[in-house]
Amino acid sequence: MLRKRTLTCLSMFLVCLCVTAHAQTKPPDWAVSERRIATFDVSTWVKESFVVSPNNKRVAYAAKAGTKYCIVLDGNKGKPYDDIEAPGPVFSPDSKRVAYGVQAGNKWLVVVDGKEGKQYDGIGAGTIVFSPDSGKVAYGAKIGAQWSVVVDGKEGKPYDGMTTGTLAFSPDGRRVAYGAQMGATWCVVLDGKEGRPYDAITPGTLTFSPDGMGVAYGAKAGDRLFVVVGEDEGKPYNGIGTGTLIFSPDSKRLAYAVQAGNKWHVVVDGKEGKPYGSIIAGTLAFSPDSKRVAYGAELGGKQFVVVDEKEAREYDSIVTLGGGKIIFDAPDGLHYLAAKGGGIYLMEHRVK
83 MLRKRTLTCL SMFLVCLCVT AHAQTKPPDW AVSERRIATF DVSTWVKESF
133 VVSPNNKRVA YAAKAGTKYC IVLDGNKGKP YDDIEAPGPV FSPDSKRVAY
183 GVQAGNKWLV VVDGKEGKQY DGIGAGTIVF SPDSGKVAYG AKIGAQWSVV
233 VDGKEGKPYD GMTTGTLAFS PDGRRVAYGA QMGATWCVVL DGKEGRPYDA
283 ITPGTLTFSP DGMGVAYGAK AGDRLFVVVG EDEGKPYNGI GTGTLIFSPD
333 SKRLAYAVQA GNKWHVVVDG KEGKPYGSII AGTLAFSPDS KRVAYGAELG
383 GKQFVVVDEK EAREYDSIVT LGGGKIIFDA PDGLHYLAAK GGGIYLMEHR
433 VK
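Its first residue numbered 83, the sequence shown is counted upward by one per residue in the working numbering.
Calculated directly from the structure, the hints in this document are not laboratory data.
Be a bit skeptical, because a hint or two may be false.
Below are the DSSO-like pairs computed for lysine-lysine, each with C-alpha atoms no more than 30 Å apart in a straight line [stated by the list, open to error]:
hint	residue 1	residue 2
1	Lys-407	Lys-392
2	Lys-239	Lys-197
3	Lys-129	Lys-189
4	Lys-239	Lys-150
All chains should be modelled from the sequences, with the hints used to inform the complete structure.
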C-alpha cells in the first residue's frame, strides 16, 4: 500500500511538472498547413500494396471492393477488377504518374494513368518500371507460353521467360535492358539485341552506368558465376552479391561483392579487396569524384565500414534497416549510422 501511494504521488508530481514546463514553453512560431490526402478502411485495404510517391505527397494502395479489388489513389477509388498484380501500384520518379497490373476475367493488363492497356495472358509480377524521366513505362507481358517486354505499348520480341528484377531503363531513358530465356539458355537483351548466351542471368544484378553507355550484370556458365561488363567476363566466383553492382559517378569504375569459398570480398576495377565474413547489402558507395570506395563489412560478429580498404571503428551493426546507407558528403567525407550497446550513433568520417 505504501509503495502504491508513493507511486501515485510521484505520478502526480511528474504530471504537474510536465504541465508547468509546457506552460512555460512558448509554442514555436510555425506556419502549419494540413491537408488530408487519403482515408483508410483497415478492413478492406491490402497493407502490402501501400506505397508513397517519391515526393512524399501522394499515396496509393489496393483495396477489396466486394468480391473484387481496386486501387485507391489519393483517397479516390479506381475501377474494380478481379485481382491486382503484386506488388501493387507503382509511382513514376516525378510522382505524377501511376501504373499497376490488373486481372479482368481471364486476362491481365496494365493500367497507366487510369488508361487500360492491351490485354495479355499475364503480367510479370514486379516488372512495371518507369523511365528515370517518367516519360516511358515498361513491363513484362505473357503472350501464350512466351513473354515479351512492352515499352509504351510496343511489344518486343517474345522469349521463353524473363529474369526477375532485370528490366531497366538507362538513366537518360533511351535504352532498355532485361534478362531473357531462349530455350535452355539466358541472355541480356539490350536495345532489342541479344547478348552472349549463359546458363542464367543473376536476378537483381543488371545495372546501367550513369552515362547510359555501360551495362553490367551477373551471369552463370556451368558452375561459374561472374560479372559481365559489355562483352567482357570477369573472374569466376562462388557467388555474386545481389544488388551490389554499382558504377562510379564518372561511369569509369565498377564495384561489386563476391563470394570466394566461405569469405566475401569487394571487387573494384577487377581487383579483390580483403576477405570478410560478409559484405553488408546496400552499403557499397563511390565518392562524388569517383576516387574512393566505401562499404560495410562483418567479421567475427562485429561490423564496420571499410574506406579504400582501411577499416573504421567496430560496432554491433551498421544500420541499413529503413534505408540506412553510407553517404559521401564530399570527395573526402562520408557519414553513416551505427548501432552499439542499445544506442544508434551518427558517424562522420574525413578520409586523409
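- Are the Cα positions of Lys-129 and Lys-189 separated by 30 Å at most? 25 Å, holds
- Is the Cα-Cα distance between Lys-239 and Lys-150 30 Å or less? 33 Å, violated
- Message: Check the hint pairing Lys-239 with Lys-197 against an upper bound of 30 Å on the C-alpha distance.
- Response: Holds. Lys-239 to Lys-197 sits at ~24 Å (cutoff 30 Å).
- Lys-407 paired with Lys-392 [C-alpha distance capped at 30 Å]: Holds: Lys-407 and Lys-392 sit about 18 Å apart, inside 30 Å.
When each numbered hint is compared with the structure, a violation occurs for hint 4 only.
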